[in-house]
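Q: Sequences and hints are given; from them, build the entire structure.
Residue numbers (the numbering used here), protein chains in the order written: chain A, 1 to 702; chain B, 1 to 75.
Hint data in this document are derived by calculation from the structure and do not stem from the laboratory.
Don't be surprised by glycine CBs; every beta carbon is placed ideally from N, CA and C.
Treat the hints with care, since some could be wrong.
[Said to hold, decoys possible] In silico negatives: residues of chain B with every beta carbon more than 12 Å from chain A:
{"id": "1", "residue": "Thr6"}
{"id": "2", "residue": "Ile14"}
{"id": "3", "residue": "Gln16"}
{"id": "4", "residue": "Ser70"}
{"id": "5", "residue": "Lys73"}
[Unchecked claim] The list that follows gives simulated cross-link-like pairs (lysine-lysine, PhoX-like), each with its CA atoms no further than 25 Å apart:
{"id": "6", "chain 1": "B", "residue 1": "Lys12", "chain 2": "A", "residue 2": "Lys262"}
{"id": "7", "chain 1": "A", "residue 1": "Lys248", "chain 2": "B", "residue 2": "Lys63"}
{"id": "8", "chain 1": "B", "residue 1": "Lys26", "chain 2": "A", "residue 2": "Lys202"}
{"id": "9", "chain 1": "B", "residue 1": "Lys73", "chain 2": "A", "residue 2": "Lys321"}
{"id": "10", "chain 1": "A", "residue 1": "Lys629", "chain 2": "A", "residue 2": "Lys54"}
{"id": "11", "chain 1": "A", "residue 1": "Lys248", "chain 2": "A", "residue 2": "Lys202"}
{"id": "12", "chain 1": "B", "residue 1": "Lys73", "chain 2": "A", "residue 2": "Lys262"}
{"id": "13", "chain 1": "B", "residue 1": "Lys12", "chain 2": "A", "residue 2": "Lys131"}
{"id": "14", "chain 1": "B", "residue 1": "Lys63", "chain 2": "B", "residue 2": "Lys26"}
{"id": "15", "chain 1": "A", "residue 1": "Lys131", "chain 2": "A", "residue 2": "Lys476"}
{"id": "16", "chain 1": "A", "residue 1": "Lys42", "chain 2": "B", "residue 2": "Lys73"}
{"id": "17", "chain 1": "A", "residue 1": "Lys42", "chain 2": "A", "residue 2": "Lys256"}
{"id": "18", "chain 1": "B", "residue 1": "Lys72", "chain 2": "A", "residue 2": "Lys476"}
{"id": "19", "chain 1": "A", "residue 1": "Lys241", "chain 2": "B", "residue 2": "Lys26"}
{"id": "20", "chain 1": "B", "residue 1": "Lys63", "chain 2": "A", "residue 2": "Lys236"}
{"id": "21", "chain 1": "A", "residue 1": "Lys479", "chain 2": "B", "residue 2": "Lys73"}
{"id": "22", "chain 1": "A", "residue 1": "Lys193", "chain 2": "A", "residue 2": "Lys83"}
{"id": "23", "chain 1": "A", "residue 1": "Lys579", "chain 2": "A", "residue 2": "Lys321"}
{"id": "24", "chain 1": "B", "residue 1": "Lys73", "chain 2": "A", "residue 2": "Lys411"}
{"id": "25", "chain 1": "A", "residue 1": "Lys102", "chain 2": "B", "residue 2": "Lys12"}
{"id": "26", "chain 1": "B", "residue 1": "Lys12", "chain 2": "A", "residue 2": "Lys411"}
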Amino acid sequence: MSTELLKVALIGNPNTGKTSVFNHLTGLHQQVGNYPGITVEKKIGYCKLTRHKKAKIIDLPGTYSLNASSLDESVVIELLMNKNGEDYPDVAIVVSDVENLKRNLLLFTQIKDLEIPTILVINMSDRMRRKGISIDIDVLEKELDTKIALVSSRTKEGIEDIKTLLQNSKSLSSDSCLDSSIIDKEYFDRLEKVFPNQSLYKLWLVITQDVNFGKVEKKQLKEKASFATKSDSELKRLQQKETIARYKFINDILKKGYTVDKSKATDLRSILDRVLTHKVFGYVIFFGILLLIFQAIFDWSRIPMDFIDSSFASLGDLTRKHLDPGQFTDLLVDGIIAGLGGIVIFIPQIAFLFLFISVLEESGYMSRVVFLMDRIMRRFGLSGKSIVPLISGTACAIPAIMATRNIESWKERLITILVTPFTTCSARLPVYAILIALVIPDQRILGIFNAQGLTLMFLYLLGFAAAIISAYILNKVLKIQSKSYFVVEMPNYKLPMFKNVFINVFEKTKSFLVDAGKIILAISIVLWFLASYGPGEKFNNAENIVKTEVVNQEISSLELDNKIASYKLEHSYIGIVGKTIEPIIKPLGYDWKIGIALVTSFAAREVFVGTLATIYSVGSAGEEEETIKQKMAAEVYPNGEKVFTLASGISLLLFYAFAMQCMATLAIVKKETNSWKWPMIQLFGMTAIAYITALISFQLLK
Amino acid sequence: MQTIATLQRGEKGIIQDFDIDCVPLKLIEMGCLPGNQVELVQFAPFNDPLYININDSYVAIRKETAVQISIKKIV
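A: Written out as structure tokens, the structure is:
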């Protein structure tokens, strides 16, 4: 017998523990992807109900209502409106927070009015006693015409009840609970006459929502003149009336089945808020937490990073011992293993960053930071909500740019998107690490500060400063009028749940690793081919040309082989590219090999190290046991001058600090801003700043 | 005129009226409706934004929105 698949949509306000419920129902059997064409994260998981029945659960983005004000929210309504869509649910589960039931039920009544069979999950039941809340489930079930599961996602209580309700999904009612037409009888009567077979609430959503409904006929609606007559302001007034009607319905029901004994409530919120949002202590604590995060990233993660580093070094050695010496082995060891090692080593730091961000968000603290920082950030044309992207940008700009979605003002959001790539993301770290180790002396300054550590810290501060200053300039330059609406929910403080944090950190780190790994692998192989083959006489006949050149010199056979190899490299495909761009980068202090690394870095910065490793190993004949750092240190110009000096090193560091070298970020900016204009401005603007600062610094230091 | 922005910390008021074009729908859906109670929980420095409890929802709004919402203070 085949398994029956029940499609379930999990819907709820933000901060209701919806994701915990999802994690409990599906365990680690989750697939994270994107909705087609947009970057909203789509999470699907499976849950076994009986031997022959399985539920496919979609965790929809959190939303306060079906009146969408962001891309994430539009996804919810598009999915629920499209009856023929592959994800259209058989059952909707609305997850609500027992303390905010009134507001949460607003969304519930809207879902019910779409005539989808709906289950109501009342979560956080473990807080009921502490808050003096009592609920009459029977009354609520009857009045709301639904089935209710009282759940505590913290203790896992009630999760089985949800599964039982899903098993019996056939008995769920799909009647709506409100008659939307009462808000403007005459208008809705006209609507009904023209579209007799459609649900009025659905039509109302089509009229009011500015989202893409696929085949639903918004155009058709506009063409019927009688319905285009309402202005936006009139529509909003009707939406307010609708909201009032919904709250009246909800309040009447809650009066019968929900009581709060305020005298029993102990209030953790007000005590914590008094400290955490305090005019002085609030900031002190926030900067303390920032310091803690950076301490964890740069100090605590040293131990696992050293371990990973040495493991990859021995893996490389092992590979070299067991394979025949040759260019393929070099590709494997220097290009692929070294390149992957250059990424894997950052797992501890990235995991720490995601861990902190995840804990700050889960605990409810992030909203307090948004509250504290809004006024200050606004001076720079940003929003308090920009603080989240700017902090998470230190891990990776891609999730950071997606996190700008809840910024209501388009101008503030756009500026945040444009400046976020300045923050020092983890992909810059491998480049910084190797360059600093190479050109900055390992000395103490004033007896306490390590010069290398200070340089790294300076580069981080430089990233933030660049972001803030360019935001200030963009704010003056960009002529965009947009209403700066700002509504932030201040959720209850919660102890973060280990399982949620773990899954979040695991998924984010994994996708970083897989994405970066793919790029490094591909680039290493392509580079290796381009460096190992070349066109024309000069490449194919390199051996004879070099031999005739040195015919009268005393030279060992190893030196001869090295000369031949580097001559070949110079005339390979990649060498030709490098030589072509060399005049542009020469004033910055780079040779053509670094130029190649710069070019490949535009795919992703972290391939810098792997690129140089591949080029240097192809360009030498012997099988040296040198590390990439030693190879870089030994690299000289034909006249014997070192390639990596303090001047060229600082110039490179500054170039990497400012340049827009990440195709994935450009792609995400294109998607989020819906235009190539903004990513191109980033690409050329940031790279121009990088070029100019690198140029000035090299010319001053050389 | 009394608005949410004229409340002191810990003070409460009843929402009277507001210009619908100046108040985001999201705030209305959070319970910013005439007749509902609003309490000022906390100010950020420079009295902006404001952290309020509106109809049992805790939200932060900017001063420019708060001055649009007239209230009657509960004494």
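Q: What hints, given by number in increasing order, does this structure fail?
A: 7, 9, 10, 15, 16, 17, 18, 21, 23, 24 and 26
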